[in-house]
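Next come the chains, spelled out residue by residue.
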Amino acid sequence: MTYCLHILICLSLIIIQTTVMPYIPLFERFYDLLTPFIIYLSIFRSVRESIVIVFIFGFFMDIVSGGPLGLYLTAYVWLFIGVRWAITFLHVGDSLLLPFVVAAGVLMENLIFVGISAMFEQSPRIFETMASTIVVQVLWALFTGPLFLMFFSYSHRQWDRWFKEILAKKN
Amino acid sequence: MFSKKMVMIIGVIVLIAVNIILLSVFNRRYISYYRPGRIAISLIAPFQKASTSSIHFVRDIWRHYFFVVNVAKENDNYQKALNKAFENNIQLKEFKLSNFRLRNLLNFEKTITDRVLSAEVIGKDPSPWFKTVLIDKGKNDGVETGMAVVVPKGIAGQVTDVSANYSKVLLIIDHNSAVDALVQNDRARGIIKGGMAEQCLFKYVLRKHDIEIGNIVVSSGLDGVFPKGLAVGYVSAVIKPKSGIFQEVTVTPYVDFEKLEEVLIVLNPKKKKFEPEQ
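Heads up: the protein sequence lines correspond to chains D and S, in order.
Following the numbering used here, the numbering of the first sequence begins with 1 at its first residue and continues without gaps.
Following the numbering used here, the numbering of the second sequence begins with 1001 at its first residue and continues without gaps.
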């Protein structure tokens, strides 16, 4: 059932990102909404539960995006590994650190994108705009990232409670 | 023999190497819509379509019912524009007829087909780095990879991936896109590549051509994808370097990609092989 919730959240995030946000000028340079979710999975959920979602939705994002196949998959897998590694010595569950973790995650994802874009062709002029976009995305992440994490955590608690209630009623 | 730390470092290096190799292989996008990809797109696209339709529905209500006053004013302006367009239309019909006669005379092949298919944009690229859109027509509607996608204002892009009912369109503002084009006035030829901030770069234009800001750039038809003579955009900046054989030309597309909602897919028939006259 937890997988169902994860799939539901990821699908909703992809749809919002590809259909709703492009029509709102304010969110023109918003960061990838799946990034905070991957960070949430890395920090608060088990590897067994998360890794499947990371792979499936990395692939889904690759399909809906125009980048080289495997770009999002690469970014998500390394983001997941990076955050899992960071929580071995950082208490990132601490709410004070969360904005910085999300911002770092967004920065890391963008650096992977830039690195891969640099590897495969690309005119140098394209990188001029990338820097400003990355700064804007990191700032967005700094202020809104923790809200997403709180929302995911809340959704999960509600989902578990709702599921337990259904089970209790059945029994 | 090796410490745990060493094994981990080697593991990470191997993982990075494998990752880069796989990305290099998959960077050739020809294999992107194999079976799992089609399943993924079939799962996401209907939701995107429903979401886009809902947004359009709400927006249409807003436009139609709350902006009636503005619409009335606009209507007057449109009426005037329509009258003017009507005059132009008659003139263009005359041009068309004379063009038809001349083409027949010169035995030219028809450069654009009348067969177009309209499609709705149901989703945009999730990343700001890439400029693609998803449309609601696919293989079942006769769409094929490589077909040109246009709007009345000009060229929009090219179909890069096709699934049963949906297709992905690479817009001309994407840095992976390339369109063979020429300046309408002096026929200077070059390649339109995606640039930054929704602008295009007109590359490989020789320095000898005097290109001015405002010049119209049209497709040359030489790439075998886009029909000849379709508007691409207008020249918005020209930099002539002191050395080198090319000049740097920036082209602003006529198409407003932010507001791209409906597109036309040019269903060009397969080009006939050249047969020498008997």
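Simulated from the structure, these hints should not be mistaken for laboratory data.
We put the CB at the ideal spot given by N, CA and C, even for glycine.
It is possible that some hints are incorrect.
Unchecked claim - Simulated restraints, written as ranges between beta carbons of each label pair:
no., chain 1, residue 1, chain 2, residue 2, range
1, D, Thr2, S, Arg1189, 57 to 65 angstroms
2, D, Val136, S, Ala1017, 30 to 38 angstroms
3, S, Glu1262, D, Val135, 33 to 41 angstroms
4, D, Trp85, S, Glu1262, 27 to 35 angstroms
What the hints assert, rightly or not - Covered stretches of chain D (in silico footprint by chain S; criterion: 3 or more residues with CB under 8 angstroms from a CB of chain S, positions within the stretch not fixed):
no., stretch
5, 19-31
6, 154-167
Unchecked claim - To give a feel for the contact side, a few chain S residues facing chain D, derived at Cβ under 10 angstroms:
no., residue
7, Val1014
8, Leu1015
9, Asn1019
10, Phe1026
11, Ser1051
Comparing the hints with the structure gives:
| no. | hint | verdict |
| --- | --- | --- |
| 1 | Thr2(D) - Arg1189(S): 57 to 65 angstroms | 58 angstroms, holds |
| 2 | Val136(D) - Ala1017(S): 30 to 38 angstroms | 33 angstroms, holds |
| 3 | Glu1262(S) - Val135(D): 33 to 41 angstroms | 35 angstroms, holds |
| 4 | Trp85(D) - Glu1262(S): 27 to 35 angstroms | 47 angstroms, violated |
| 5 | 19-31 | holds (count 6) |
| 6 | 154-167 | violated (count 0) |
| 7 | Val1014 | 13 angstroms, violated |
| 8 | Leu1015 | 8 angstroms, holds |
| 9 | Asn1019 | 6 angstroms, holds |
| 10 | Phe1026 | 4 angstroms, holds |
| 11 | Ser1051 | 4 angstroms, holds |
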